[in-house]
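Line by line, the protein sequences are chains A and B. One point on numbering: in our numbering, the residue at position 217 of the first sequence is 217, and numbering is uninterrupted. One point on numbering: in our numbering, the residue at position 61 of the second sequence is 61, and numbering is uninterrupted.
These are computed hints drawn from the structure, not numbers from a lab. One should not assume that every hint holds.
It does not matter which identical chain is used: a pair holds within one copy or between any two.
[As the list claims (entries may be wrong)] Derived pair list, reagent style EDC-like, types lysine to aspartate or glutamate, alpha-carbon separation capped at 20 Å: (1) Lys80 / Asp104; (2) Lys233 / Glu58; (3) Lys233 / Glu265; (4) Lys80 / Asp256; (5) Lys233 / Glu114; (6) Lys233 / Asp104; (7) Lys233 / Glu98; (8) Lys80 / Glu41; (9) Lys233 / Glu10.
Protein chains: 2
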Amino acid sequence: MADDRAGTPEQASFLAELLDRRLLLATAVAGVYGRGGALEEICERIGDMITRAGEPEEPEQLRFPPVLPRRDLEAVGYLKNFPHLAGSIFAFAGNESEAAEQYDRASRHEDWSEFQSMTELVLTPAACYPVYPAIAARGRLAAGGVTVDAGNAYVFRHEPSGDPARMQMFRQREIVRIGEPETVLAWRDLWRQRSPSLLREVGLEAELAVASDPFFGRGGRMLAASQREQALKFELLVPIAGPEPTAVASFNYHQDHFALAYGIELADGGCAHTACLGFGAERIALALFRAHGLEVGEWPTDVRRRLRLA
Amino acid sequence: MADDRAGTPEQASFLAELLDRRLLLATAVAGVYGRGGALEEICERIGDMITRAGEPEEPEQLRFPPVLPRRDLEAVGYLKNFPHLAGSIFAFAGNESEAAEQYDRASRHEDWSEFQSMTELVLTPAACYPVYPAIAARGRLAAGGVTVDAGNAYVFRHEPSGDPARMQMFRQREIVRIGEPETVLAWRDLWRQRSPSLLREVGLEAELAVASDPFFGRGGRMLAASQREQALKFELLVPIAGPEPTAVASFNYHQDHFALAYGIELADGGCAHTACLGFGAERIALALFRAHGLEVGEWPTDVRRRLRLA
Chain A
1 MADDRAGTPE QASFLAELLD RRLLLATAVA GVYGRGGALE EICERIGDMI TRAGEPEEPE
61 QLRFPPVLPR RDLEAVGYLK NFPHLAGSIF AFAGNESEAA EQYDRASRHE DWSEFQSMTE
121 LVLTPAACYP VYPAIAARGR LAAGGVTVDA GNAYVFRHEP SGDPARMQMF RQREIVRIGE
181 PETVLAWRDL WRQRSPSLLR EVGLEAELAV ASDPFFGRGG RMLAASQREQ ALKFELLVPI
241 AGPEPTAVAS FNYHQDHFAL AYGIELADGG CAHTACLGFG AERIALALFR AHGLEVGEWP
301 TDVRRRLRLA
Chain B
1 MADDRAGTPE QASFLAELLD RRLLLATAVA GVYGRGGALE EICERIGDMI TRAGEPEEPE
61 QLRFPPVLPR RDLEAVGYLK NFPHLAGSIF AFAGNESEAA EQYDRASRHE DWSEFQSMTE
121 LVLTPAACYP VYPAIAARGR LAAGGVTVDA GNAYVFRHEP SGDPARMQMF RQREIVRIGE
181 PETVLAWRDL WRQRSPSLLR EVGLEAELAV ASDPFFGRGG RMLAASQREQ ALKFELLVPI
241 AGPEPTAVAS FNYHQDHFAL AYGIELADGG CAHTACLGFG AERIALALFR AHGLEVGEWP
301 TDVRRRLRLA
């Protein structure tokens, strides 16, 4: 699982251009990059564009760091569905001689894992995950539920890759809706309408499609088929560096999955439903660089205006 | 090491107020919090204020995700000096039956660490760390070196605590100077002058002091004494929730430590020196809430104006 996957020649050549222009900066690990100022600014402007689009719903602004209590990952079955993508955090809890031995081995780039033990934390795998326990802790929802804007949050997926659009650590521009089933579905449908035009307005050929998650193992194929059949997940696909278009946003209707796990109750005591919407900030930025060229100053005037660059 | 440390009664009471006002949101783990919109906005405004202060040096803007290649941590001796604070990232690389067993144990909140193995990544312990290998990769510096603004970056310290100002995951607003020794020292001294007035202008009682890092173990005491003696580290101290003032910024002169580790060369082929400057975004925000009250709208007009809130 998660072996380094080489990119296609087209992906490798796009990555080389991005590195050459210092839009991305290579590190010693595939799929982990620094971001040059120009790319970072585009990620922020995309976030702002989505903020403006979501303002009518007056979301509550909440932000979370990129680590999550391990207990919260355990509670929602992530390790059943995506064990291959999860990252757990280990730390040292030994004495001075163990520290010295650990340091010696690390200095020789040898294995020092035996000195590390599991902490209470994991890396956040999806920007919506910390929202559910935080809302559950408040007690019953008000009528109509709540809309939470979780900002532009770093998430981790353990899948080293040579495709610049498949990073191990990237940002999801995330909004979450929690409430009555019909309220949540109406919100999901509103964004399903709103999002394709948002991306088309900045010159991206965005297509909406029913999708499924990359569930693990043989059982995962059944889960994926069921998810598609119930149309629980949609993605916005945009060409970046082929062969196929890349998902740059996804809309996920979880029904009562997260609400049951954390006990999120509606005003009348019933179980809430949840949905989330995540835009991949770096993927949309890469799609823009691919569509309009690597020099932001030369992008079409209307694209620059919509991103408030001009 | 890194046992949960209870906060003082004053810290516990300040934390309770912050949670009550939803400026911070509790999670299941001490020192890991969500951020309410009002606190997040202050963190951003502090970052912007520091950006404006640093504009005369025209820094290059670079950003890095909160994970770092393990090799980069191994190369600079972090595990010698701070093994108790480091976080390493583990992941699953097993088969379907191992995945099933891991999931079963996790669902019962039992130990599933045996199914996790060390990856090539660690959590970034300080926002300047990814900057050095990225600059080294470019080859020799131009004369005068380079100033890098690394933004408001999440870093990890494994020290669960009940003091709201001691988080496990927090943001450093980080600037790095790399160049000739005298250039780097002049830059460090410029910021040592500039920073206290920056914080005093927003109403914080900031005091500059020679400081040392929390080096590990018995040998660490000698390292700390030597660091103080050479005045390699300064901190800006501000009262938050006692008993003593809290370091909200630090200025670190590394001499040739990082440049030697990565081979950063001056224009003439000599070894570069480096220094960094990190403002603790959340700590400064907490200090502002402590000094001016929990309602941002009621902060003094000149403070709001300097933070561009008004």
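To see whether the hints hold, each was checked on the structure:
When the C-alpha separation of Lys80 and Asp104 is checked against a cutoff of 20 Å, the pair qualifies only between copies, where the shortest distance is 8 Å, while the shortest distance within a copy is 37 Å. Taking the shortest alpha-carbon separations for Lys233 and Glu58, neither the intra-copy value of 24 Å nor the inter-copy value of 45 Å comes in at or below 20 Å. Taking the closest pair of Cα atoms, Lys233 and Glu265 never come within 20 Å of each other, the shortest separation being 23 Å inside a single copy and 51 Å across copies. Proximity of Lys80 to Asp256 under the C-alpha cut-off of 20 Å is restricted to the intra-copy arrangement: shortest distance 17 Å within a copy versus 47 Å between copies.
Taking identical chains as interchangeable, the C-alpha atoms of Lys233 and Glu114 are never at most 20 Å apart, the minima being 40 Å within one chain and 33 Å between chains. Proximity of Lys233 to Asp104 under the C-alpha cut-off of 20 Å is found in neither arrangement, the shortest distances being 48 Å within a copy and 26 Å between copies. Taking the shortest Cα distances, Lys233 and Glu98 never come within 20 Å of each other, neither inside one copy (48 Å) nor across copies (28 Å). In this homomeric assembly, Lys80 and Glu41 never come within 20 Å of each other (Cα to Cα): the closest approach is 37 Å inside a single copy and 37 Å across copies.
For the identical chains of this complex, Lys233 and Glu10 are neighbours neither inside a copy (28 Å) nor across copies (47 Å), given an alpha-carbon limit of 20 Å.
Going through the hint list in order, the structure does not satisfy hints 2, 3, 5, 6, 7, 8, 9.
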